[in-house]
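Chemist: Residues per chain, in single letters:
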Amino acid sequence: DAGITQSPRHKVTETGTPVTLRCHQTENHRYMYWYRQDPGHGLRLIHYSYGVKDTDKGEVSDGYSVSRSKTEDFLLTLESATSSQTSVYFCAISTGTSVEELFFGEGSRLTVL
Amino acid sequence: AQSVTQPDIHITVSEGASLELRCNYSYGATPYLFWYVQSPGQGLQLLLKYFSGDTLVQGIKGFEAEFKRSQSSFNLRKPSVHWSDAAEYFCAVEGGSNYKLTFGKGTLLTVNP
Chain C
1 DAGITQSPRH KVTETGTPVT LRCHQTENHR YMYWYRQDPG HGLRLIHYSY GVKDTDKGEV
61 SDGYSVSRSK TEDFLLTLES ATSSQTSVYF CAISTGTSVE ELFFGEGSRL TVL
Chain H
1 AQSVTQPDIH ITVSEGASLE LRCNYSYGAT PYLFWYVQSP GQGLQLLLKY FSGDTLVQGI
61 KGFEAEFKRS QSSFNLRKPS VHWSDAAEYF CAVEGGSNYK LTFGKGTLLT VNP
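In the order they appear, the protein sequences are chains C and H. With the numbering used here, letter number 82 in the first sequence gets 82, and the count goes up by one each step, no holes. With the numbering used here, letter number 40 in the second sequence gets 40, and the count goes up by one each step, no holes.
Please keep in mind that the hints were generated in silico from the structure rather than gathered at the bench. Computed from a predicted model, the values in this text were never measured in an experiment. No residue lacks a Cβ here, since even glycine has one placed at the ideal position from N, Cα and C. Incorrect hints may appear among the rest.
In silico contact screen, one side only, chain C against chain H (beta carbon under 8 Å); selected entries [claimed, not checked]:
id	residue
1	Gly42
2	Leu43
3	Glu101
Straight-line distance between alpha carbons at most 30 Å, and here's what the computed DSS-like set of lysine-lysine pairs gives [to be verified]:
id	chain 1	residue 1	chain 2	residue 2
4	C	Lys11	C	Lys57
5	C	Lys57	H	Lys105
6	C	Lys11	H	Lys105
Using the sequences and the hints, build the whole thing.
Modeler: Below is the structure:
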């Protein structure tokens, strides 16, 4: 158990509203990632972080921003949610100095009406 | 950029039968390769990984995979499938680019009694 907690686990919101998803880890690992999972697309990387205040974009970063002000927390923000952002969002951490293994949270299901 | 192809979207096998899930990758050098499994409503769990050395790697739950450089493949196998193996399986590659994993679109495995 890599001690990853995602919140909220489920959220329904309306188009145009801001949404923040939180990923919390208990073990101070350096690398953290946000993926989204959609049927027929597998998992796609949104943003990742390699340290406090060090973040970079993934392949589907448009419409998303992230912040990491503390080692243990990695926040994903949808500034103005759209229906295309309805998805299951997974946070992951890497426990090594490289991608030796990713540990995933249980996911946050977001529905944008 | 690296990419992963899982040609089979859905596979159905009978319990006790053998299983092979296909994965092809695209990357210029020797990549790091992974297989993950996802049970319904859960996050992803690592089955096995290949970094270097012996091209046949053993994983958890009786799974194995073989890296074939000439075919750019990393197929997952199990000699005898159990009903509890029903899940979605994802192949992933890490090509040395800031420790990011690229996932295939997944193969859904159904196991018939």
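Chemist: For this structure, which hints from the list above don't hold up?
Modeler: Going through the list in order, the structure violates no hint and respects every one.
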